[in-house]
Amino acid sequence: MITGAAFTAFLLGGLPIGLVLCLATLSYVVATRNWQLFDSYLIQLFGGIDSYGLLALPLFILVGEFMNAGGITTRLLEMTMAITGRIRGSLAYVNVFANGLISSILGSSTTQIAIMAQTLVPEMVRKGYDKNFAVATTVSAGLLGPIIPPSLIFVIYGVMVQAPIGDMFVAGIIPGLLIIAAFCLVIWLMGFWLAYPIEPHASVRERIGRFMRGLPTMLIPIVILVSIMTGLASPTESAALACVAALFLGLGYREIDLRQLPQMFLRTGLNTAIVLYLVAAANVFTWVLIHGQVPQVVASWMTSVASGPVSFMLWLNLILLVIGTVIDGVAGLILIVPILYPIATGLYGIDPIHFGVVVSINLTLGLVSPPVGAALFVGASLTNTKPSDVFAMSLPFCLATCVVLVVLSIWPWFTLALIR
Amino acid sequence: QDSRTIRIGLVVPPNQQWTLSAQAFGEELKAATNGRLSVAVFPSSQLGSEAQMIQQLQTGALDMGWLTTAELSNRVPELAALHAPFLVKDMDQARAVLESPVAEKILERFPASIGAIGLGYGMTGLRQILTRDKSTGIADIKGKKIRVIPSAPARDFYELLGAAPTPVPFAGVYDALANGQVDGIDMDFEATFYNKYNQLAKTMLVTNHVMAPMAAAFSARVWRDLSEADQKLIRDLVAKQMKLIRNEFVANEEAFRKRLAEAGFEMRPVARETFAEVVKAWDARWEAKAPDLKALRTFTR
Amino acid sequence: MDLTARDAALLRCRRRTVAEATQAVSRVVAAGEKVLVTAFVAAIFALILLNIATRAAGRPLIWVDELAIYLMVATCFIGTSLTVRQRLDFAVTLVIDALGQAKRRVVDAMLTVIGLAYGLFLIVLCWRLFDPVQLAWSGFDIAAYTAASLNFLYTDPTQTLGIPKWVVLLVLPLYAVGVSIHCLANLVEDLGWAERERIAADSAATLEAG
Ligand code: NA
Ligand code: NA
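Protein chains in written order, with this note's numbering: chain A, 1 to 420; chain B, 1 to 301; chain C, 1 to 210.
Hints may be right or wrong, so weigh each one.
Said to hold, decoys possible - Among chain A residues calculated to face chain C with C-beta under 8 Å, some are: (1) Ser51; (2) Ala233; (3) Leu266.
To be verified - Non-contacting residues of chain B with respect to chain A, defined by C-beta distances greater than 10 Å in every case (computed): (4) Gln46; (5) Leu47; (6) Pro77; (7) Val168; (8) Phe193; (9) Ser227.
Claimed, not checked - Each pair of labels, with its calculated beta carbon distance range: (10) C:Leu99 to A:Gln293: 30 to 40 Å; (11) C:Ala53 to A:Trp411: 39 to 49 Å; (12) C:Asp97 to A:Ser304: 32 to 42 Å; (13) A:Thr8 to C:Ala8: 39 to 49 Å; (14) C:Leu150 to B:Arg285: 23 to 33 Å; (15) B:Gln199 to A:Ser307: 28 to 38 Å; (16) B:Gln199 to A:Thr8: 39 to 49 Å; (17) C:Pro157 to B:Arg224: 25 to 35 Å; (18) A:Leu177 to B:Glu266: 34 to 44 Å; (19) B:Lys105 to A:Gly292: 35 to 45 Å; (20) A:Pro216 to C:Ala24: 45 to 55 Å.
These are calculated hints, taken from the structure and not from any lab test.
Beta carbons are placed, not taken as given, at the ideal position from N, Cα and C, and that holds for glycine.
The whole structure should be built from the sequences, with the hints applied where relevant.
Okay, structure coming up:
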């Protein structure tokens with residue numbers, strides 16, 4: 001009780017979330033007078049991230065650094081444009097497809113949105129698209145980042161519940177494709193209301209040229225997916241191989257300057273630290289929650305409202321949609337999973353992979369929902385637009401994602417088909 | 001006297017015999033004290049890995065851990081004698097070793113070595129080797145990464161076999177095998193069956209190379225606050241469950257082997273004699289650190 | 001009258017000196033942390049590649065996984081300390097953003113004080129964990145110390161590295177001290193005792209949180 005109050009006060013008071021978790025943990029120790037827990041606190045903090053699976057995080061973040069510095073982003077983009085060619089609103093579709101492709105290299109949406117907002121939005125505005133629509137499309141399509149493998153949020157989930165990370169990755173493929181399809185439908189429907197410009201004609205030869213220049217970039221997702229799906233390398237090792245591929249491509253395109261390497265390592269280290277500290281803090285928080293047998297209390301409440309697995313999953317979506325407005329992404333994951341996972345898998349017999357994918361997509365959606373949405377803020381601030389205007393324009397995309405989530409919740413087949 | 005809850009931590013899942021016994025212990029303790037003493041069981045590494053649980057026993061954050069002696073042997077080197085390769089021929093002998101005075105005597109080392117009271121031994125089945133690729137014999141694990149319990153005796157055995165022993169706590173085994181962090185794992189029939197490791201591996205080399213005891217360790221800090229009557233009650237009730245666990249595993253070893261075989265899992269027996277050199281080299285390394293080794297080898301001859 | 005004004009001026013001057021010294025210490029610590037984080041990430045990358053190569057060659061090295069994991073943990077703690085100074089923490093600022101400029105300054109200072117208190121508390125926990133005075137009293141005889149204190153920190157091994165576990169855990173006091181120093185530096189700035197240093201963030205804030 002005191003822990004809950006302390007937690008809410010610290011969180012809304014603007015303390016960093018990692019620190020909030022740590023202080024809530026300490027307040028539990030004080031409130032229950034279990035002083036001896038203090039002397040295990042540091043070891044638990046350390047032990048929470050002392051895991052091989054998490055090594056995939058720094059390496060997948062590094063892939064993103066190499067990719068961006070190596071000019072791979074722009075080439076991927078041109079390649080997608082060469083394919084779609086000349087349909088009404090083609091750049092909007094390009095946006096979704098290019099994000100889909102880049103998602104197969106990057107593992108987090110906010111990184112992806114930061115990159116794409118700076119390359120795609122100016123291009124779309126120049127061609128005559130509504131700016132808010134351009135930003136909304138980019139931000140929404142950026143949500144594919146952690147859904148199409150690789151994915152940092154899946155890595156963390158896998159480590160938290162001891163589910164195979166490789167299976168999590170593969171399970172994200174169909175949901176990712178569903179979302180791409182849903183977004184294309186949304187763009188087509190919005191076309192009746194917004195007047196999309198038509199792009200000028202490019203010669204077939206020019207298009208083939210652009211396509212061929214971009215083709216080698218596909219090496220990176222191929223390395224990742226093939227090595228994981230065939231079991232040749234662990235996700236951590238596949239991330240390292242993808243780093244090598246990105247580095248060589250960048251050198252081949254003559255865009256990476258090796259003198260920038262230390263700066264890229266440093267940025268990777270800091271981004272890793274931000275995520276891992278959340279995981280470590282969540283681990284001690286979970287430790288005292290379990291110590292205080294909190295999950296049992298939530299479980300008994302849950303069983304009184306949800307009658308079966310499907311009803312549970314629908315409730316789960318509703319709860320996460322609400323929670324996602326304030327707490328999203330990795331932070332949301334590490335708060336929700338320790339409490340709801342045992343209930344989902346134990347009481348309702350839901351497959352751990354199915355549960356993980358639905359929860360992750362929900363919390364990723366939370367990244368665009370106001371009042372707190374990291375992806376929304378990053379997208380808006382990098383393009384000088386107002387978050388509220390962007391959100392209004394991205395509502396149809398959010399609704400589409402919700403529909404996909406309901407489909408995924410009711411039919412586990414969509415997440416499990418490729419791994420069974 | 002105050003009522004108190006005794007927290008028991010384990011790495012095994014809720015449906016495993018150790019957890020069931022821990023719960024049974026709790027019910028008996030509650031009944032015997034009219035609810036003054038109760039038990040909360042935390043299976044599946046909920047409170048952390050065994051290494052983390054040992055640290056919590058030392059500070060008193062955890063009251064009792066039912067922990068593998070393999071992990072404990074990092075702090076109580078005398079336990080290594082129980083992990084001598086090919087010390088026992090079968091499960092009956094494994095049980096006999098754990099009920100021997102030599103093994104009982106090692107429990108007395110617990111307070112000084114890990115700050116806990118040793119309340120008795122349980123166990124699981126004998127250990128085998130599972131490989132992700134097809135294997136025809138023990139030579140196939142040369143140059144392969146094999147998961148072991150984080151403990152020195154196991155590491156040495158695989159090093160002597162020419163493999164690369166990779167310590168992974170129990171909670172990470174499924175992922176390590178599924179994702180290819182390792183090429184194989186060291187595991188028993190029962191855990192293989194319940195955790196479905198057989199779906200991730202192609203072959204099991206049936207070596208029966210080492211026994212896998214567990215010990216009930218009670219935090220010394222908490223223990224000294226208990227009355228003598230309570231201490232005795234806990235001792236007796238834990239001892240009863242430990243005996244039950246030993247008997248269960250001896251009785252069921254063959255049944256689990258059969259169920260795996262019936263599930264179509266390729267199991268290749270490897271003759272004990274193949275390992276004669278390795279055993280000799282292992283004993284040479286451990287004789288000094290595990291003084292009971294000689295006595296136990298004589299005991300099981 | 002004149003005298004008190006001079007006193008106040010003198011106090012401000014001293015305060016400024018102390019504040020600037022704090023900033024300087026924090027700057028040195030941050031520079032060291034940057035070097036460590038950069039080196040650790042490079043080493044993790046190299047170690048995993050080494051792992052792939054040695055496995056492919058059928059001669060895997062047993063210590064690589066454990067070393068890479070501990071380097072990652074160290075990257076986390078040292079990097080977290082650095083993010084405190086670069087003010088990269090990931091927070092819900094929804095409520096406090098609604099406050100006015102003046103109130104916001106007060107809240108910011110209070111948040112920094114809480115962070116500082118946490119840092120100091122971590123130092124206390126580290127002190128209890130490593131217990132240096134007791135250890136020195138027992139003449140750095142680990143067996144005697146362990147028996148007397150029932151603190152088993154110094155007897156714990158690492159699995160494959162061949163060094164004791166406490167060496168790896170030394171990153172915890174580094175982290176505790178780093179956080180405290182950086183919070184102090186943030187605090188003197190929040191209180192207006194020294195000008196806010198322009199610190200280039202080495203990462204776009206909160207980028208990886210999603
Ligand atoms: Na991705
Ligand atoms: Na949100």
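Going down the list of hints, with the structure as the test:
no.: 1; hint: Ser51; in the structure: 7 Å, holds
no.: 2; hint: Ala233; in the structure: 7 Å, holds
no.: 3; hint: Leu266; in the structure: 5 Å, holds
no.: 4; hint: Gln46; in the structure: 5 Å, violated
no.: 5; hint: Leu47; in the structure: 7 Å, violated
no.: 6; hint: Pro77; in the structure: 22 Å, holds
no.: 7; hint: Val168; in the structure: 7 Å, violated
no.: 8; hint: Phe193; in the structure: 18 Å, holds
no.: 9; hint: Ser227; in the structure: 20 Å, holds
no.: 10; hint: C:Leu99 to A:Gln293: 30 to 40 Å; in the structure: 38 Å, holds
no.: 11; hint: C:Ala53 to A:Trp411: 39 to 49 Å; in the structure: 43 Å, holds
no.: 12; hint: C:Asp97 to A:Ser304: 32 to 42 Å; in the structure: 37 Å, holds
no.: 13; hint: A:Thr8 to C:Ala8: 39 to 49 Å; in the structure: 41 Å, holds
no.: 14; hint: C:Leu150 to B:Arg285: 23 to 33 Å; in the structure: 30 Å, holds
no.: 15; hint: B:Gln199 to A:Ser307: 28 to 38 Å; in the structure: 32 Å, holds
no.: 16; hint: B:Gln199 to A:Thr8: 39 to 49 Å; in the structure: 44 Å, holds
no.: 17; hint: C:Pro157 to B:Arg224: 25 to 35 Å; in the structure: 27 Å, holds
no.: 18; hint: A:Leu177 to B:Glu266: 34 to 44 Å; in the structure: 36 Å, holds
no.: 19; hint: B:Lys105 to A:Gly292: 35 to 45 Å; in the structure: 39 Å, holds
no.: 20; hint: A:Pro216 to C:Ala24: 45 to 55 Å; in the structure: 49 Å, holds
Hints 4, 5 and 7 from the earlier list are contradicted by this structure; the remaining hints agree with it.
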